[in-house]
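Novice: Listed here are the chains, written in short residue letters.
4 protein chains.
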Amino acid sequence: MNTFGRNFRVTTFGESHGTAIGVVIDGCPPGFDLSEPDIQAFLDKRRPGQSDLVTPRKEDDAVQILSGVFEGKTLGTPLCLLIQNTSMKSGDYDTIRTLFRPGHADRGYMQKYGIRDHRGGGRSSGRETAARVAAGAVARLYLEKERILILGTLLEVYGKTTPEGMEEAIRNARDEGESVGGVVQLSVTGCPPGLGDPVFGKLDACIAFAMMGIGGVKAVEIGSGLEAVKMTGTQHNDQMTPDGYLSNNAGGILGGISSGQEILVRLAVKPTPSVRTPQQTIDTRNCAQEISVQGRHDPCIAVRIVPVAEAMMALVLMDALLEQRKITPDCLQES
Amino acid sequence: MNTFGRNFRVTTFGESHGTAIGVVIDGCPPGFDLSEPDIQAFLDKRRPGQSDLVTPRKEDDAVQILSGVFEGKTLGTPLCLLIQNTSMKSGDYDTIRTLFRPGHADRGYMQKYGIRDHRGGGRSSGRETAARVAAGAVARLYLEKERILILGTLLEVYGKTTPEGMEEAIRNARDEGESVGGVVQLSVTGCPPGLGDPVFGKLDACIAFAMMGIGGVKAVEIGSGLEAVKMTGTQHNDQMTPDGYLSNNAGGILGGISSGQEILVRLAVKPTPSVRTPQQTIDTRNCAQEISVQGRHDPCIAVRIVPVAEAMMALVLMDALLEQRKITPDCLQES
Amino acid sequence: MNTFGRNFRVTTFGESHGTAIGVVIDGCPPGFDLSEPDIQAFLDKRRPGQSDLVTPRKEDDAVQILSGVFEGKTLGTPLCLLIQNTSMKSGDYDTIRTLFRPGHADRGYMQKYGIRDHRGGGRSSGRETAARVAAGAVARLYLEKERILILGTLLEVYGKTTPEGMEEAIRNARDEGESVGGVVQLSVTGCPPGLGDPVFGKLDACIAFAMMGIGGVKAVEIGSGLEAVKMTGTQHNDQMTPDGYLSNNAGGILGGISSGQEILVRLAVKPTPSVRTPQQTIDTRNCAQEISVQGRHDPCIAVRIVPVAEAMMALVLMDALLEQRKITPDCLQES
Amino acid sequence: MNTFGRNFRVTTFGESHGTAIGVVIDGCPPGFDLSEPDIQAFLDKRRPGQSDLVTPRKEDDAVQILSGVFEGKTLGTPLCLLIQNTSMKSGDYDTIRTLFRPGHADRGYMQKYGIRDHRGGGRSSGRETAARVAAGAVARLYLEKERILILGTLLEVYGKTTPEGMEEAIRNARDEGESVGGVVQLSVTGCPPGLGDPVFGKLDACIAFAMMGIGGVKAVEIGSGLEAVKMTGTQHNDQMTPDGYLSNNAGGILGGISSGQEILVRLAVKPTPSVRTPQQTIDTRNCAQEISVQGRHDPCIAVRIVPVAEAMMALVLMDALLEQRKITPDCLQES
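Protein chains in written order, with my numbering: chain L, 1 to 335; chain C, 1 to 335; chain Z, 1 to 335; chain S, 1 to 335.
Rather than coming from a laboratory, the hints here were simulated on the basis of the structure.
Treat the hints with care, since some could be wrong.
Which copy is meant is left open, because identical chains are indistinguishable; a pair holds if it fits in one copy or across any two.
[Claimed, not checked] The calculated lysine-lysine pairs, modelled on DSSO-like cross-linking and capped at a C-alpha distance of 27 Å, are:
#	residue 1	residue 2
1	Lys58	Lys145
2	Lys45	Lys58
3	Lys89	Lys230
4	Lys45	Lys73
5	Lys45	Lys230
6	Lys145	Lys326
7	Lys89	Lys73
8	Lys326	Lys73
9	Lys160	Lys230
Model the full structure from these sequences, guided by the hints.
Specialist: Listed below in structure tokens is the structure:
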């Protein structure tokens, strides 16, 4: 199941150390302006090596549009966006060919498929998310025309909530060959009311599906989230007046349908599993081994997840927007 | 989108005050024992009126198998499970025909569809979950044959974590016409490794989708959940030995694939939005109104969500189990 | 896979001698007028016993709307349409409990599922098509508002193409305990251009899928159909003028997209497999047996297939219509 | 809808004169041997320019595996197969930028999307089928391991049924700048019983869907096909003995489920619409024009469709094979 969405259908492919990664988008509306630089701008934000808070690995991530665009406009036919894998050093990974890294998908892939590409995580690598960002870029460009804006921010790292505290926590982790977790927040403004498809395609359910499908995410909260547990109904309800809502505990989604308020989502991201500290593990023959993961890893993947989470949110909203169009003439006629 | 699952496809239908609610299950394996009492046992756990902690409303919820079973065994053809709506007092709802209740889906349905059945929430009523419980019962009976067991428990209510504290909080809320939030935990034992379908059909993503699709759920955590944010990689990683894992921060799912460990999930549930306390709202003409919701409502829907969450977990696992069978001969051959 | 369609999703359930058959429609647009008599009118056309050319079996086929309609209008929520099975005489079928009838699905169901409901064909019975007709009725009522009209006619029976010849062939077959094949034609007028979804969801491909999925259909032709084989390109091409096309060999669909011309489809239907003539067969233990199928069977199922084919065409067009709405604002803006 | 299949999901992309065409296969079983030359062998059979009966256009069609294979074996992750577009002369098509060619999808794409790539048919070009052949090659290699063999043959051209007659008809058409229609037959041997998914996913319905989705196909027949219309039930039924069936009018599929007999399918293919003969048409402003299509076109696309039809059959069977695995343990246990 490498396809996301029912209307704006995004299928990613590619292993981190294979020939290329990429994405096919089926169901993209025709006739809107799209170019490689438009998409590249979003990929550049995800690209590593841009600050000392992220991995210094070099990845060019140059996107190429193979299909679906003609003379600068989308055709309504499938877009294929391709990113060649360059600067890959597969030899680096020979030592983990038969070792399962703790906190990684290594053993899971072997248990599921009976085979895996061990190099850099293969399909389970964070590199796969570049394809999501490329697809998300197309969706965001479309959504922006509809004045729907998505903004992700890093809220917390290892218990710290100020920029200085967060940066210090990340640098400390990096210097010690360690890693730390964090919280990412997403805000969407301009989302029209009526998006989301009860009962199983609720907008918040689709967001949770999208966000929990990002590697490393351990919790998803909408609006009040966990705080709701300590509230009474009267406190939690967002009362309505002719001028709008008096609060936003719903996080912009009620009954699985967007209300027109700001959509608010938070993700808890686990610390990067690749750490230098020696850990107990097993190999493919189930023998005890010790492992110390070397290499240039992100000390806090929450940082890198921000643009990925924005992209996934764009895919959810784009899909919901197209879904709603099917019934728009009918619901307008009646309301 | 009233269908859940790709292999064990569950489609629910019905409004709370219509003729009936029910569910069609397509893709149910043939040849296993199934009877109405088998399913009824699960519905009875969800039924209201069984203690003073839940609504005293009477709902019989008697399930009828309309198709898909012959001489006590499933046929492999679609099961239709029907629950007639009885004891419904639609007249009770005339006062909210043109009012939008705060914290409810009333206004969302109107914004989305341009029309709504206002009686008891219509399609957005918690009553729809009876159909989910019926479908989940079929899945659970099948999973139990495979020794996969699902257990839901109420962990916390309004900040209290002892049975006495939780019960007191609920009774207090009830007596004041108020409501309180809570936390539900799910545990799955016996789940084989290898379930879950990267990259977009990760098992934890499917669980988050299923759980956030239950009305009132505001957060979903897997394993360490929000705690992961305050941990280092070395602390969070579940180290492996030939005898098993040394911890379970992953919550039984790593890289989106079940590991064979216990699956652990927590849901944060908001307080019931129906409260007696007067609140500001608007009517369908956008005029200011005050509302005080009368009637016999659950003071803490978290209590009622336990069997629903168990049912949704069963649907997720059943679907993943059938999915994995497609490749099982190939992955076994290689591993 | 008991669901048809991606936008107007129709899931049928029920065995011919179970409690009931029915259908759930998910994705039905909200706000249009729908009542039980509206649907019943279409079911009555499919019902047996209305002339001496069809089986004299009595089936009431009274439809009940269980959900999705409120005060006479669709809600946008799933419709469940139920038809109770009455007048069923299951005992009639005891003799074929262990026998596989030639030309029937009996053995196929056993080979696929390892179990079957032998009574009246169970799930493979033509009775299942009543649920399709009910769903098709909803689609047709909607399409008629858009001025899209569907008409099925019986073109040929056992080589005869005049009403007298066809009726005589059917009566002869009936009197001899035999059966005969026939050709059904469908015509659609008023279909707007632009429906159909290349490359795999071509409108003609969807029609072929729908029609070949009706039991007994052995061939589907669009427009020129088999005649195309004997034509040159110049003969076959439908030339265009500012006033319209000069011919309609395409049958109203070109490149998988409706052209605005009349859609023309023909189905070849095999003779009813239930015949009194003794035939060789085997039983469930693979032993040789002779069978002579008794009972009141249709001597020519092509007659009965006309309303079913109309219904399936309605489902295809309804689905394509909703699909096209997703991109309509974009394609209009550009053209 | 550029995706085919529910389990072995094939998504093609690419316009004939864009950068590349290709296909992503999701759901391919892990652990079987696959290399570029394996796939190339099938593409070479589709490639033009191999005899004087087909277009002399040069297309290299060199396939590249971008993902999903590691050390010569499939990973279970998505395969991306890419074919660069080379030797394309887009300038050739400037004269049809504003003209709609009769018998082509030109006008349909404009009516549907409001925009089109006019060069060589763009997405509607037969070139897209190279991606299908590449995907079909993967399926066929897998099916061959299961001893399921697919063979397509050209049965008839312009009314001629001998090799000499067919070749002469094609050469005559070519020399006159004309084109002719034909019939393609598919035979499948070794298909196990039990494949196909009633009621809407019948194996014959899926085959009809696949075949009618190939550009130019106007009719699909299974087994007796149109001949069934002139038969009685006794003639048409395939009687059974302990040693097998006495005939195969069903064409290997009964009740939508494979019977284990040879699967027999026939396709009627229209004449290539590109002819030199001047024809009436219109331009994008709805003005009358005359057109004479120049260039090196296939005089009989039925010839070229043979490998495409084989590929589509492979996709259908592969999908059905994986589908059946979901219930195999259960149906075996009971039968």
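Novice: Of the numbered hints stated earlier in the document, which are not met by this structure?
Specialist: 1 and 3
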